[in-house]
Amino acid sequence: MTGDHQTLALLLFSVFVAITVAITTWVSRNRRGSAEEFYAGGRLFSPMENGFAIAGDYMSAASFLGICGLIALFGYDGLLYSVGFLVAWLVVLFLVAELVRNCGRFTLADVVAARMRERPVRIAVGTSSATVSVLYLVAQMVGAGTLVALLLGGESEAAQAWTVIGVGALMVVYVAWGGMRATTWIQIVKSVLLLGGTVALTVLVLTRFHGDFDRLLLTAAEHSGHGDAFLAPGLKYGGDWTARFDFISLGLALVLGTAGLPHILSRFYTVPTARAARRSVVWAIGLIGGFYLMTIVLGFGAAAIVGPETVRGSNAAGNTAVALLALDLGGGADSTGGTVLFAVVAAIAFATILAVVAGITLSASASVAHDLYASLRRRHTAPHGEAAVARGEVAAARGEVTVARGEAALVRGEVAVARGEAALVRGEAAVARVAAVGIGVVAIALGLLARDLNVAFLVGLAFAVAASANLPALLYSLFWRDFTTRGAVWAVYGGLIPAVVLVVLSPVVSGGPASLFPGVDFQYFPLQNPGLVSIPLGFVAGWLGTVTSAEVPDGAKYAETEVRSLTGAGAV
Amino acid sequence: MYSSDGRSRDARSARYDDPWYDAIASGWGESDGTEVPDAAAPSAADVYLEVQRSAAFQEVRRRYRRFVVPAVALFLSWYVAYVVTATTAPGLMARPVAGAVNVAMLAGLGQFLTTFLLTWAYARHARLRRDRAALELRWDTQELTRVTRGGAS
Numbered sequence: 418m419t420g421d422h423q424t425l426a427l428l429l430f431s432v433f434v435a436i437t438v439a440i441t442t443w444v445s446r447n448r449r450g451s452a453e454e455f456y457a458g459g460r461l462f463s464p465m466e467n468g469f470a471i472a473g474d475y476m477s478a479a480s481f482l483g484i485c486g487l488i489a490l491f492g493y494d495g496l497l498y499s500v501g502f503l504v505a506w507l508v509v510l511f512l513v514a515e516l517v518r519n520c521g522r523f524t525l526a527d528v529v530a531a532r533m534r535e536r537p538v539r540i541a542v543g544t545s546s547a548t549v550s551v552l553y554l555v556a557q558m559v560g561a562g563t564l565v566a567l568l569l570g571g572e573s574e575a576a577q578a579w580t581v582i583g584v585g586a587l588m589v590v591y592v593a594w595g596g597m598r599a600t601t602w603i604q605i606v607k608s609v610l611l612l613g614g615t616v617a618l619t620v621l622v623l624t625r626f627h628g629d630f631d632r633l634l635l636t637a638a639e640h641s642g643h644g645d646a647f648l649a650p651g652l653k654y655g656g657d658w659t660a661r662f663d664f665i666s667l668g669l670a671l672v673l674g675t676a677g678l679p680h681i682l683s684r685f686y687t688v689p690t691a692r693a694a695r696r697s698v699v700w701a702i703g704l705i706g707g708f709y710l711m712t713i714v715l716g717f718g719a720a721a722i723v724g725p726e727t728v729r730g731s732n733a734a735g736n737t738a739v740a741l742l743a744l745d746l747g748g749g750a751d752s753t754g755g756t757v758l759f760a761v762v763a764a765i766a767f768a769t770i771l772a773v774v775a776g777i778t779l780s781a782s783a784s785v786a787h788d789l790y791a792s793l794r795r796r797h798t799a800p801h802g803e804a805a806v807a808r809g810e811v812a813a814a815r816g817e818v819t820v821a822r823g824e825a826a827l828v829r830g831e832v833a834v835a836r837g838e839a840a841l842v843r844g845e846a847a848v849a850r851v852a853a854v855g856i857g858v859v860a861i862a863l864g865l866l867a868r869d870l871n872v873a874f875l876v877g878l879a880f881a882v883a884a885s886a887n888l889p890a891l892l893y894s895l896f897w898r899d900f901t902t903r904g905a906v907w908a909v910y911g912g913l914i915p916a917v918v919l920v921v922l923s924p925v926v927s928g929g930p931a932s933l934f935p936g937v938d939f940q941y942f943p944l945q946n947p948g949l950v951s952i953p954l955g956f957v958a959g960w961l962g963t964v965t966s967a968e969v970p971d972g973a974k975y976a977e978t979e980v981r982s983l984t985g986a987g988a989v
Numbered sequence: 117m118y119s120s121d122g123r124s125r126d127a128r129s130a131r132y133d134d135p136w137y138d139a140i141a142s143g144w145g146e147s148d149g150t151e152v153p154d155a156a157a158p159s160a161a162d163v164y165l166e167v168q169r170s171a172a173f174q175e176v177r178r179r180y181r182r183f184v185v186p187a188v189a190l191f192l193s194w195y196v197a198y199v200v201t202a203t204t205a206p207g208l209m210a211r212p213v214a215g216a217v218n219v220a221m222l223a224g225l226g227q228f229l230t231t232f233l234l235t236w237a238y239a240r241h242a243r244l245r246r247d248r249a250a251l252e253l254r255w256d257t258q259e260l261t262r263v264t265r266g267g268a269s
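Chains as they are written, first to last, in my numbering: chain G, 418 to 989; chain S, 117 to 269.
Hints in this document: simulated from the structure, not taken from any laboratory. Remember, predicted model here, so these are calculated numbers, not experimental data. Each residue gets a CB set at the ideal place from its N, CA and C atoms; glycine is no exception. Check each hint, because a few of them may be wrong.
Stated by the list, open to error - Some chain S residues close to chain G (C-beta under 10 Å, calculated; not the full set):
id, residue
1, A160
2, D162
3, Y164
4, E166
5, V176
6, F183
7, V196
8, T204
9, R211
10, A216
11, T230
12, T235
13, R243
14, A250
15, L260
Unchecked claim - So the derived list for chain G, only partly shown, Cβ under 7 Å to chain S, looks like this:
id, residue
16, V500
17, L634
18, P650
19, G655
20, I665
21, E979
Said to hold, decoys possible - Here are the in silico distance ranges between beta carbons for each label pair:
id, chain 1, residue 1, chain 2, residue 2, range
22, G, V921, S, S193, 31 to 41 Å
23, G, G656, S, A161, 56 to 66 Å
24, G, P537, S, L233, 37 to 47 Å
25, S, V200, G, S431, 46 to 56 Å
26, G, A617, S, F232, 16 to 26 Å
27, S, V200, G, P930, 28 to 38 Å
28, G, G628, S, V200, 32 to 42 Å
Generate coordinates for the entire structure from the input sequences, incorporating the hints supplied.
Rendered as structure tokens:
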């Protein structure tokens, strides 16, 4: 690629960074402190804003560049892949969004732990949520590094490394300074940019074919060299039965995993009510569905206009298909239009990665600070805030005794309790900021270590872990009266451990030329995605743990969960 | 703690048209014959158990489940059928329908269409059949737990 492309793309990207940093500074002025603010952004976003933010969190660069590339190279199979990403939202809408909004405060663990003995459940759910986030995060970081190499021609190792470090540093700035409020606005800006860019390119492709979708498909099939097979499934996920089961496994993980992704669930707490959470999901489904419909046009457009051979020549995985398409639609490599469109696509892809990474970091820091740190610490020492709560309770008790000034003292006592709780929660937000920095450092380190690896499977794995560990625990605790603490813990570990172990034993890690460790062979599991096995295992483990536990299920606790989840009583 | 999201007509009309105490009179307290709060100062757990047993809540839950259970069964089996057919019977999916459009393309676009339709249907069902009753129950329950908290401390 020429210098013009690079300069313009870097310029546009700098503008995006400047705008987002300005947003971060602007929204975080005078708003330091409370966990309510840090994790949930004040809970007053409108459904439309949150819908755009959800779509922004969900439409990663992998979807934008990856799915278009898949369609450009393999035709229909790319579309097959994108359907799972959309249908998954029905699970979120029907079973999760409203109920989670009603029952929880900040994280998934809030919902599950409310009915159970808090500490073990919080640690289990916190661990699996953090695992999902880190897997997803590393995939995005490495993607960012690769993207630089692809789009800007920065083939050098140093350019990739500095991109990973730069993206990591920016995301830490966004999250630690701005919390959920800044992250949400960044997602909204990114969503608008991404959708705007996609709409513009789609219109250009359709104009090129005079609005004739049929002719677009025929031209794509003709240029692909596969003929009609290009428009039918089987080019990528066909072949032997292992490949087919692998795709079914991936499809299952995609559909069930979305409802267990911590950074998606935490978005529902940024709106005031369950009704608003529902309406934000409706917005998100519209935006995401529209986006995937447009990627179909862009993918087939790239095949028809650029041609799969050129795409494959630029990048074997097809990740540059949209950029090449933009170059062509703008008028070719040497034209101004081509340069501008190419730069726009590159900048949008960066913005996308940056925003997604910030969203995931925020939810990972919530899992660490709100679930893991709080539970692990509580056992040993009573932190300042808890002492204050205790003091407040003593005062409240004292107020009860004093008959004459009872009322006043009672009120004072309650104020003290509230103040103590605020202190507790303020301390937690500080911990969450530190956690965000820590997670940023870990993600940068892993991103640098893994930058030469093919990490597409990490996203599939993140979805598989979310579907096998988080979803069973969440659904059981919302809908099953007899679910117990042991069941919840077993459901999480019974999904998390098989998913991770199966991946370690899979061809992704060893035993093949494309594996992480091509030299050794400890491959015992044939599929790349563990979902087909680990998702049922998670559900079975939760059931088994429940029926074997001696704990008598607490009907009153379940009544509370059920009433709260369906009515919103007592929701924050 | 509740703050309405301003733009929803239902929320406001629900509050003005049907004052929350209507539901108490009609919904519950009749099912098990015990007098509400007063004498024995029930705990918050009792309140939730009682709300759970109330006819009004059971109606909300029944409406929710009646929509969600068949809908989930429907779209999950439709999606799994789609994925399994696409991977195991590509020949069937490749059968042309009109021009370049084949069965696979129709099925794929059909997935998008059913997703949009089910989203619309769910949102409509929740808005018309569930929201108002759920909101009433919310105020009732919060009122009762507030009373118990005040009485107990």
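For each hint, the structure was consulted:
no.	hint	verdict
1	A160	8 Å, holds
2	D162	8 Å, holds
3	Y164	4 Å, holds
4	E166	8 Å, holds
5	V176	6 Å, holds
6	F183	8 Å, holds
7	V196	8 Å, holds
8	T204	6 Å, holds
9	R211	9 Å, holds
10	A216	4 Å, holds
11	T230	8 Å, holds
12	T235	5 Å, holds
13	R243	8 Å, holds
14	A250	5 Å, holds
15	L260	9 Å, holds
16	V500	5 Å, holds
17	L634	4 Å, holds
18	P650	4 Å, holds
19	G655	6 Å, holds
20	I665	6 Å, holds
21	E979	6 Å, holds
22	V921/G x S193/S: 31 to 41 Å	32 Å, holds
23	G656/G x A161/S: 56 to 66 Å	57 Å, holds
24	P537/G x L233/S: 37 to 47 Å	42 Å, holds
25	V200/S x S431/G: 46 to 56 Å	47 Å, holds
26	A617/G x F232/S: 16 to 26 Å	23 Å, holds
27	V200/S x P930/G: 28 to 38 Å	30 Å, holds
28	G628/G x V200/S: 32 to 42 Å	34 Å, holds
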